[in-house]
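Participant: Turn these sequences into a full structure, and let the hints steer you where they fit.
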Amino acid sequence: MLDIGWSEILIIAVVALIVVGPKELPQLLRVAGQWAARARRMAGEFQSQMNEAIREAELDDVRKSVQDLRALSPKALLAEQIGSVTESLAKVERETNAELARLDAGIAPTPPAEPEIAGPEVPGTVVVDPPAIEAGSLAPAPIPAAETPQFGDAAPLAPHDTPAATAVPVEKDPTRP
Numbered sequence: 001m002l003d004i005g006w007s008e009i010l011i012i013a014v015v016a017l018i019v020v021g022p023k024e025l026p027q028l029l030r031v032a033g034q035w036a037a038r039a040r041r042m043a044g045e046f047q048s049q050m051n052e053a054i055r056e057a058e059l060d061d062v063r064k065s066v067q068d069l070r071a072l073s074p075k076a077l078l079a080e081q082i083g084s085v086t087e088s089l090a091k092v093e094r095e096t097n098a099e100l101a102r103l104d105a106g107i108a109p110t111p112p113a114e115p116e117i118a119g120p121e122v123p124g125t126v127v128v129d130p131p132a133i134e135a136g137s138l139a140p141a142p143i144p145a146a147e148t149p150q151f152g153d154a155a156p157l158a159p160h161d162t163p164a165a166t167a168v169p170v171e172k173d174p175t176r177p
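The numbers in the sequence shown follow full-length UniProt numbering, run straight up by one, and end at 177.
Take these hints with a grain of salt, some might be off.
Derived SDA-like pairs (lysine to any residue); straight-line CA-CA distance at most 25 Å [stated by the list, open to error]: (1) Lys91 with Leu103; (2) Lys23 with Ser7; (3) Lys91 with Ala76; (4) Lys23 with Ala13; (5) Lys23 with Gln34; (6) Lys75 with Ser65; (7) Lys64 with Leu78; (8) Lys91 with Ala79; (9) Lys75 with Glu87; (10) Lys64 with Asn51; (11) Lys64 with Ala76.
Now the in silico label distances, taken between C-beta atoms and shown as ranges [claimed, not checked]: (12) Ser84 with Glu45: 38 to 46 Å; (13) Arg63 with Leu10: 50 to 58 Å; (14) Thr96 with Val62: 48 to 56 Å.
Since the hints were made in silico from the structure, they are not lab data. All values derive from a computational prediction rather than experimental measurement. Quick reminder that beta carbons are idealized off the backbone N, C-alpha and C, glycines included.
Facilitator: In structure tokens:
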């Protein structure tokens with residue numbers, strides 16, 4: 001507080017007794033006590049007002065938090081999400097209807113081209129799957145025996161039982177580049 005020890009208080013009391021006198025000292029102490037009581041009362045009021053302001057600030061924060069939680073209702077969030085999805089679907093529907101109308105207006109769809117068989121691209125050959133070859137019409141080419149590799153102790157490659165595809169020479173189509 002004021003950091004005054006007993007020795008300082010004793011010195012102040014002796015000086016006050018000499019200056020004021022023993023007759024007026026009790027009145028002086030009464031007035032000093034009243035001032036101290038007023039100071040304590042004012043300090044208490046100030047402290048209670050500060051505590052009340054702090055409580056109001058905290059209460060305002062709590063009220064704001066409660067209002068934010070009420071604003072974040074699941075119904076509102078769900079309605080917002082459904083609205084955005086509905087808008088997206090309506091946009092897709094409009095685009096699809098416009099495209100269908102454009103196609104119906106005069107552009108006839110072209111028939112799909114025959115699917116090409118994927119395989120190695122060698123000019124002048126067409127790749128044919130073995131099941132597509134009729135029995136007896138074309139015989140698969142014999143697979144040459146694999147030679148042993150020159151490097152290390154690797155085992156020779158075993159020939160496969162059935163080839164995946166057989167290359168058949170065909171004339172070059174003049175319409176294709």
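Participant: Taking the hints in turn, state whether each one holds.
Facilitator: Hints versus structure:
For the hint pairing Lys91 with Leu103, the CA-to-CA distance comes to about 18 Å; that is within 25 Å, so the pair holds. For the suggested pair Lys23 and Ser7, the alpha carbons sit about 24 Å apart, so the restraint of at most 25 Å is met. Among the hinted pairs, Lys91 with Ala76 is consistent with the structure: their alpha-carbon atoms are about 23 Å apart, no more than 25 Å. A C-alpha spacing of about 14 Å is found between Lys23 and Ala13, which places the hinted pair at or below 25 Å, so the restraint holds.
Restraint check: the Cα-Cα separation between Lys23 and Gln34 comes to about 19 Å, which is no more than 25 Å; the hinted pair holds. For a cut-off of 25 Å, the pair hint linking Lys75 to Ser65 stands: about 18 Å separates their Cα positions. For the hint pairing Lys64 with Leu78, the CA-to-CA distance comes to about 23 Å; that is within 25 Å, so the pair holds. At most 25 Å may separate the alpha-carbon atoms for a hinted pair to count; Lys91 and Ala79 meet this at roughly 18 Å.
Our distance criterion of 25 Å between C-alpha atoms is met by Lys75 and Glu87, whose separation comes to about 18 Å. With a C-alpha separation of about 20 Å, the suggested pair Lys64 and Asn51 falls inside the 25 Å cut-off, and the hint holds. With a CA separation close to 18 Å, the supplied pair Lys64 and Ala76 stays within the 25 Å bound. In this structure the supplied range 38 to 46 Å is violated for Ser84 paired with Glu45, their Cβ-Cβ distance being about 56 Å.
In this structure, Arg63 and Leu10 meet the distance hint of 50 to 58 Å, their C-beta atoms being roughly 55 Å apart. Take Thr96 and Val62: their Cβ atoms lie about 51 Å apart, and the range 48 to 56 Å holds.
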